[in-house]
Amino acid sequence: MNAVFPSGISVGLLGRNGAGKSTLLKLIAGSADPTSGHVITNGRISFPVGFAGSFHPDMTGAQNTRFVARIYGADTSALIDYVADFADLDIHFHLPFRTYSAGMKSRLAFGVSMGLKFDTYLIDEITAVGDARFKQKSQQIFMDRLTTAGAVFVSHSNGMLRELCTAGAVIEGGKLTYFDDVNDAIAHYKYSTAK
Amino acid sequence: MLFATPRIISALILREIGTSYGRSPGGYLWALAEPVLGIALLTVIFSIGFRTPPIGVNFPLFYATGLLPFLMFVDLSNKVAQAINYSKQLLAYPRVTFIDALLGRFILNFLTQFLVAFITLAGVILCFDTRAALNFSQIASGLGLIAALSFGLGTFNCFMMSMFQIWQRIYAIFTRPLLLLSGVIFVYSTVPEPYRGWLWYNPLVHIVGRVRAGFYPNYDAPFVSVSYVYAISAFFGIFGLLLLRRYHRDILER
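Protein sequences, first through last, are from chains L and B.
Last residue of the first sequence: 667 in this note's numbering, with the numbers rising by one and none dropped.
Last residue of the second sequence: 324 in this note's numbering, with the numbers rising by one and none dropped.
Please note that the accuracy of each hint is not assured.
The list that follows gives simulated cross-link-like pairs (lysine to any residue, SDA-like), each with its CA atoms no further than 20 Å apart [said to hold, decoys possible]:
| hint | chain 1 | residue 1 | chain 2 | residue 2 |
| --- | --- | --- | --- | --- |
| 1 | B | 158 | L | 571 |
| 2 | L | 589 | B | 164 |
| 3 | B | 158 | L | 663 |
| 4 | B | 158 | L | 589 |
| 5 | B | 158 | L | 568 |
| 6 | L | 589 | B | 165 |
In case anyone wonders, no lab produced these hints; they're calculated from the structure.
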């Protein structure tokens, strides 16, 4: 597999379940090593913001947020305030992460990543969860971030991909095909899955 | 990326301070309870049967100088061995490496155990007429040995326990008699041959001997070999680090 993802551009990643989308995000982030070959990146790359998340179950939402702020050298209390306001968790913000519902988990994960400044955001299926109001709010903020940053975005929702991404890439059978227009990627993906 | 970074290590330490002892009522007092109760129990039992301890005149000091280094090693090596398990989710951040996890756990728990030992020993020396004469270079040397052995063996066990679940049980069974075989209750020099020769290979015997030499002016523990303890620690430590470096991704993927 050989591919160049231009920086500053939002790339939608398509592929069947198990095709390797999440693994590719991990490779780009640097939290997994390729079996062979190299991944070369520039700029600040976010951790893969996924539904499963990298949050510790025994730590509260606030403690998890504080930890991320510290390791990325961000202002701790500013990030706490931002996430508390954005994720809307009320008292749950100060309860252990393991007690969270799926919606709360993704709200926290998305809030933390949006509160930090990255050059490239790696988002795994996260905006698909949550109620309508949250979806709208997170889309807005994400669009706002994308004016200055790029992203690699995994989603099964074609509507969201069209709205948020300019380019697209399809993974199938261990091969990646890159398209400068996300609509072409979606069309190619539809065609190949229909076969 | 295999560099330990002060910022990440301090974030891990702050997180551990806030979550481990902070959660149970009484907090850090529990860290003091184990050695204090252990010393009290041994003192009560043995002062009934004997007039004086094997070294010196004071039972609490004798057991404190044996039990504290022993417990320090046990606690510290176990904490280091559990480092990856303990921070598993946090290692998903590309910035956090397993070396950060090992060092963060080691530094915090070494300081905790050092404080526990300091408070306990200060208490014993202030409360009793112990006739202790402190030799700080011997005590510091003993602390160095504890730190090295705990980190070395802890790192090796971190690999073994994360890779093979069964190792935790095997290790627990084989180290159970360690309290009796480390010279904590019986002094090395009073053990008859050939058993004494075998005991020499237990690095904890050297550690306890060196620490006691720092408290008793007439006891210099000539059998202690600093290089032996450091060699064992380095052997397990380097071996453990190399294995973790090779396999830590596999461990995290499970």
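Taking the hints in turn, this is what the structure says about them:
Only pairs whose Cα atoms come within 20 Å are accepted, and residue 158(B) paired with residue 571(L) is accepted, the gap being roughly 18 Å. For the given pair, residue 589(L) sits about 16 Å from residue 164(B) by alpha-carbon distance, which is consistent with the 20 Å threshold. Note on residue 158(B) and residue 663(L): the hinted pairing is violated, with a Cα-Cα distance of about 40 Å set against a maximum of 20 Å. A distance of roughly 25 Å separates the Cα atoms of residue 158(B) and residue 589(L); the hinted pair therefore is violated under the 20 Å criterion.
As the CA atoms of residue 158(B) and residue 568(L) are separated by approximately 16 Å, the hinted pair is consistent with the 20 Å bound. Pair hint residue 589(L) plus residue 165(B) holds up; C-alpha atoms about 15 Å apart against a cutoff of 20 Å.
Checked against the numbered hints given earlier, this structure breaks hints 3, 4; the rest are met.
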